[in-house]
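J.: Protein chains in written order, with the working numbering: chain E, 1 to 524; chain R, 1 to 198.
Treat the hints as calculated values from the structure; they're not laboratory data.
Keep in mind it's a predicted model, so treat the numbers as computed, not measured.
Virtual Cβ for every residue (Gly too), placed ideally from N, Cα, C.
Treat the hints loosely; a few may be bogus.
Stated by the list, open to error - Short derived list, chain E residues pointing at chain R, Cβ under 10 Å: (1) Val-54; (2) Arg-122; (3) Asp-126; (4) Ala-201; (5) Thr-205; (6) Tyr-319; (7) Met-363.
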Amino acid sequence: MSEAVNMDKPEVLIVGGGAAGSVFAAHLAQQDRSVVIFEAGDERKKEELYSSQVWARRLKNVEQPTPFIADDPGLRLNRGEGTGGTALHHYAIWPRYHPEDFFEHSQYGKAMDWPIGYEDLRLHYDRIQKEVGIAGDAVAEKWRPQGEPYPLPPVLLSEHGRTIARGFEKLDMHTAPLPMAVLTRPYNGRDACLWDGWCDAGCPTGALANPLVTYLPIATKAGAQIKTNVRVSKLIIDNTTEKVLGVEYFENGERKEQYADLVILSAFVVENVRILLNSRMPGTDYSVGNKHDLVGRYLMTHPSLLFTALFEGEDIQNYLGTTGGQLLCQDAYDKIGKHKGFGSRQWNIAMAVKPNDIIGLGMSRSHIFGKALQDFMQKAAHGMGNMIGMVEDQPVWENRIELSGEKDANGVPAVHTNYRVTKDALLLIENMRKEGHEVLKLAGSNDVMESQIFSQHMMGGTIMGSNESNSVADSFGRVHGMRNLYIGGASLFPTSSCVNSTYTIHALADRSARFISKNWSQIV
Amino acid sequence: MNGQDKAASQSRRQLLKKGIGLGMIATNVAGVNVLMTSRSAYAKSLALKTLNKTEAKILEDFAETLVPGAREAGIAHYLDYNLTTEPTKTTLIASYFNLTPPFLPFYRGGIESLSSYSLEKTNKEFEHMSQDEKEKIISSLFQHMSGHDLSGWQSETSPFLFYQCVRSDALDLVYGTPEGFQKLGIPYMEHILPPSTW
Numbered sequence: 001m002s003e004a005v006n007m008d009k010p011e012v013l014i015v016g017g018g019a020a021g022s023v024f025a026a027h028l029a030q031q032d033r034s035v036v037i038f039e040a041g042d043e044r045k046k047e048e049l050y051s052s053q054v055w056a057r058r059l060k061n062v063e064q065p066t067p068f069i070a071d072d073p074g075l076r077l078n079r080g081e082g083t084g085g086t087a088l089h090h091y092a093i094w095p096r097y098h099p100e101d102f103f104e105h106s107q108y109g110k111a112m113d114w115p116i117g118y119e120d121l122r123l124h125y126d127r128i129q130k131e132v133g134i135a136g137d138a139v140a141e142k143w144r145p146q147g148e149p150y151p152l153p154p155v156l157l158s159e160h161g162r163t164i165a166r167g168f169e170k171l172d173m174h175t176a177p178l179p180m181a182v183l184t185r186p187y188n189g190r191d192a193c194l195w196d197g198w199c200d201a202g203c204p205t206g207a208l209a210n211p212l213v214t215y216l217p218i219a220t221k222a223g224a225q226i227k228t229n230v231r232v233s234k235l236i237i238d239n240t241t242e243k244v245l246g247v248e249y250f251e252n253g254e255r256k257e258q259y260a261d262l263v264i265l266s267a268f269v270v271e272n273v274r275i276l277l278n279s280r281m282p283g284t285d286y287s288v289g290n291k292h293d294l295v296g297r298y299l300m301t302h303p304s305l306l307f308t309a310l311f312e313g314e315d316i317q318n319y320l321g322t323t324g325g326q327l328l329c330q331d332a333y334d335k336i337g338k339h340k341g342f343g344s345r346q347w348n349i350a351m352a353v354k355p356n357d358i359i360g361l362g363m364s365r366s367h368i369f370g371k372a373l374q375d376f377m378q379k380a381a382h383g384m385g386n387m388i389g390m391v392e393d394q395p396v397w398e399n400r401i402e403l404s405g406e407k408d409a410n411g412v413p414a415v416h417t418n419y420r421v422t423k424d425a426l427l428l429i430e431n432m433r434k435e436g437h438e439v440l441k442l443a444g445s446n447d448v449m450e451s452q453i454f455s456q457h458m459m460g461g462t463i464m465g466s467n468e469s470n471s472v473a474d475s476f477g478r479v480h481g482m483r484n485l486y487i488g489g490a491s492l493f494p495t496s497s498c499v500n501s502t503y504t505i506h507a508l509a510d511r512s513a514r515f516i517s518k519n520w521s522q523i524v
Numbered sequence: 001m002n003g004q005d006k007a008a009s010q011s012r013r014q015l016l017k018k019g020i021g022l023g024m025i026a027t028n029v030a031g032v033n034v035l036m037t038s039r040s041a042y043a044k045s046l047a048l049k050t051l052n053k054t055e056a057k058i059l060e061d062f063a064e065t066l067v068p069g070a071r072e073a074g075i076a077h078y079l080d081y082n083l084t085t086e087p088t089k090t091t092l093i094a095s096y097f098n099l100t101p102p103f104l105p106f107y108r109g110g111i112e113s114l115s116s117y118s119l120e121k122t123n124k125e126f127e128h129m130s131q132d133e134k135e136k137i138i139s140s141l142f143q144h145m146s147g148h149d150l151s152g153w154q155s156e157t158s159p160f161l162f163y164q165c166v167r168s169d170a171l172d173l174v175y176g177t178p179e180g181f182q183k184l185g186i187p188y189m190e191h192i193l194p195p196s197t198w
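So here's chain E without its partners, still in its complex pose (with noise of 0.2 Å):
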């Protein structure tokens, strides 16, 4: 569609324009539906992603903090504001989900299990790999589930990447070509990556998907509209029926209202569930989808260790390639296989490195200092590889989002987060920890360290299921007991898994708004 869209009510009405957000917008856009984003930060612009590490940090920054009540220091690092979302400055490594993550409590009596399994999205992976354009190859990945082959040959492959897999070759374990969202040659008019690792800073080239070359231009293109700089709070429900009349928001801090025919929560795992927490179901004592105090629960990351290790004397290119690596090692995503601990286990491996930053030359020896410091960054420059073990975590009623007491600076009743590492994943990341060293020494480094335990990634607040008393939402996203109102994105992940979620929140979403535009008037 080319009209304006009516901002008096527009049919749809989408809360944030990230990874979710924007392939909702993209494809209900497309149906000739009038589709408003309210995203609550800024507008990013490609020409604004500085290749700084330390610019990198305001991508990060969102303007209400959520305390952490934590023994994990990851969690923010997972989060950020304005068009694009957290996914502007997200790594680009796309693996599947496998079957088994969808089954866990049928197959293994743990964890729970979706009300959907991997064929229902099958489809949807590979229709959205061939549009954004994923390099990987499907043979070497031998763990990989059924789907098309990747439309793209691998990344760069660097003496770093090859060090380190001779590592996992002697200890009969097999590597494959990261699967990335990252282009290695020219595809739909997007540039090909030029390897210099600034990944986290922001892609400003268009080689690395992010929704400001992927979905938000084919949105905007198609007549959606973006509205920055507005924080929805809450929903505004109907006092008789089933159904959401639109949201309050506050824009330079005044209270404002804005009505829609459908309503799509994609505001990433906090605010998701913040807004529905402050959403009081008319004539109930519980807010919206929280009959059964479900909101907020089974808040899930991937438990993770980052390993150096110094191969001293040899320049290795760790410089060379993109933040999220070159190799994957999925050996051991076997819910109960030979280790402690149930739940599966990645590597990824070969990060290009910078000298500062979280996971930076300088900080992974943070106990040297001073002349040994300087000693050690002219050797570390060339000569330090990496690799990240990363494990699945387990659902547990505990961990939890929830409002916190205190308001924002609208008045607006703020979150913290209750989330401690659960007793599976500590296992899993002890075989992690086993298995990291003899890696980095059989690939001849005698100088190899890991890092405390951090989170990557956040998962569920408002998981999906069969029916309202075990989740908050179905399987398309739509809110138990709400007939226009879905929720988009990783909040809705009943499991983990151990591989990094991105590319299934593409998927379902790209499920969900199929299942809109086909049932458009049934739902609204």
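Following the hints, complete the assembly by docking chain R onto the known chain E.
T.: Using the frame of chain E, we list chain R on its own:
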């Protein structure tokens, strides 16, 4: 041309010879707001907005001992600027460590406690120690920061996080610039250099 060749040739992106753009701060000179690097601000001995002279001296000494070069890179001016800027615009790493802005009380508490800890352990204030003494007291602090033997550390600021944050801030200024990359002999390969507005 493959990735390595591209990086090596530097044909598209020349390695910069000077570290412009990084660590830029806005400051007031003779009543006029100007932008300059924190390195320049230090070289010109410009007045600080928030930190007093003693705090700045302790901070500089601490950062310089952790990461040589931090003082001349303008660590005190960089932090002084960032500690007063609005939370969504800060470039400090503190937020990665679950700290919630404003960060000034955190840094100020760390500075005060470093001084009191040093006094308790050696009967000498940190800023008056020799370089060797500073290194020893930092080693002692690092050794005990996760334990309970921290008598003298009087603020709520975590000594572990204070150490990590200041060390990282110093690494940002000394090595996180095109000039810093060049010192290490690795290509910066920028797409877009940060603007001169921060």
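J.: Taking the hints in turn, state whether each one holds.
T.: Hint by hint, here is what the structure shows:
no.	hint	in the structure
1	Val-54	holds (5 Å)
2	Arg-122	violated (32 Å)
3	Asp-126	violated (28 Å)
4	Ala-201	holds (9 Å)
5	Thr-205	holds (6 Å)
6	Tyr-319	holds (5 Å)
7	Met-363	holds (6 Å)
Checked against the numbered hints given earlier, this structure breaks hints 2 and 3; the rest are met.
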